[in-house]
Amino acid sequence: DAKTTQPTSMDCAEGRAANLPCNHSTISGNEYVYWYRQIHSQGPQYIIHGLKNNETNEMASLIITEDRKSSTLILPHATLRDTAVYYCIVRGYNTDKLIFGTGTRLQVFP
Amino acid sequence: GAVVSQHPSWVICKSGTSVKIECRSLDFQATTMFWYRQFPKQSLMLMATSNEGSKATYEQGVEKDKFLINHASLTLSTLTVTSAHPEDSSFYICSATSSYEQYFGPGTRLTVT
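For the protein sequence lines, the chains are A and B, in the order given. Okay, so the first sequence: first residue is 4 according to the working numbering, each after it adds one. Okay, so the second sequence: first residue is 694 according to the working numbering, each after it adds one.
It should be emphasised that the hints constitute simulated quantities derived from the structure, not laboratory data. Check before you lean on any hint, since a few could be wrong.
What the hints assert, rightly or not - In silico DSS-like pairs for lysine-lysine, Cα to Cα no more than 25 Å straight-line:
| no. | chain 1 | residue 1 | chain 2 | residue 2 |
| --- | --- | --- | --- | --- |
| 1 | B | 748 | A | 100 |
| 2 | A | 55 | A | 72 |
| 3 | A | 100 | B | 757 |
| 4 | B | 713 | A | 100 |
| 5 | B | 759 | B | 713 |
Because the structure is a prediction, the values reported are computed rather than measured.
Working from the sequences, and respecting the hints, build out all of it.
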């Protein structure tokens with residue numbers, strides 16, 4: 004599976020959009036981009052995933068560049084409860100395995 | 694969404710004893726479950742893939758004789774940490790797959806004294 008690179012940490016003001024970048028320059032054509040988050044001392048929570056088109060759900064939006072080498076997770080109106088570690092993961096189409104990188108620690112402040 | 698539970702949520706045991714952790718998919722059947730370990734301030738590390746009715750597949754560097762995994766039914770997988778030592782103290786998390794999506798349990802914090 005392709006490796007991902009994310010900033011170690013980010014801050015965001017409550018109510019503002021949080022934009023979390025992820026680099027996956029070695030991604031291959033049949034690999035998906037998944038985003039999970041982990042609130043302290045809990046199991047990871049699924050957020051969103053995509054292949055090449057932008058995706059949106061009730062939690063977030065996922066913007067994937069045309070060359071698929073990077074993506075951005077957008078939390079449109081961050082709240083204090085969005086403070087967590089966010090993991091960007093590239094997953095092969097024929098496997099259920101998820102290999103977690105170091106993630107981005109997002110701190111939402113009042 | 695699909696719910697995965699773990700039991701116990703935390704456990705303290707003495708060095709040399711064995712501890713069993715259960716992972717259950719509550720409202721769906723999971724042919725595949727995964728076990729992860731997470732040390733403080735670190736990311737999740739995949740330990741093994743557990744398939745119902747067959748032997749688990751362990752990741753490189755994970756001792757299969759120390760971390761025994763049993764996936765006896767489509768809703769239950771267990772991880773037994775045998776002859777636990779203080780360095781086995783960690784946060785153990787399971788996940789289960791349904792329709793290609795992976796759902797995580799809340800984790801079990803193991804402390805070995």
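**Message:** Next pair to validate is residue 759 of chain B with residue 713 of chain B; report whether the Cα-Cα distance is within 25 Å.
**Reply:** Holds, at roughly 12 Å.
**Prompt:** Taking only the CA atoms, is the gap from residue 100 of chain A to residue 757 of chain B under or equal to 25 Å?
**Reply:** Roughly 18 Å separates the two Cα atoms, so the pair holds.
**Asked** Is the hinted pair residue 55 of chain A and residue 72 of chain A satisfied, with a Cα-Cα distance of at most 25 Å?
**Response** At roughly 10 Å apart (the allowed maximum being 25 Å), residue 72 of chain A and residue 55 of chain A satisfy the hint.
**Hinted pair residue 713 of chain B and residue 100 of chain A, Cα distance within 25 Å** = holds, 23 Å
**Message:** For a C-alpha distance cap of 25 Å, please report whether residue 748 of chain B and residue 100 of chain A respect it.
**Reply:** Status holds; Cα separation ~16 Å.
Checked against the numbered hints listed earlier, the structure breaks none of them; every hint is satisfied.
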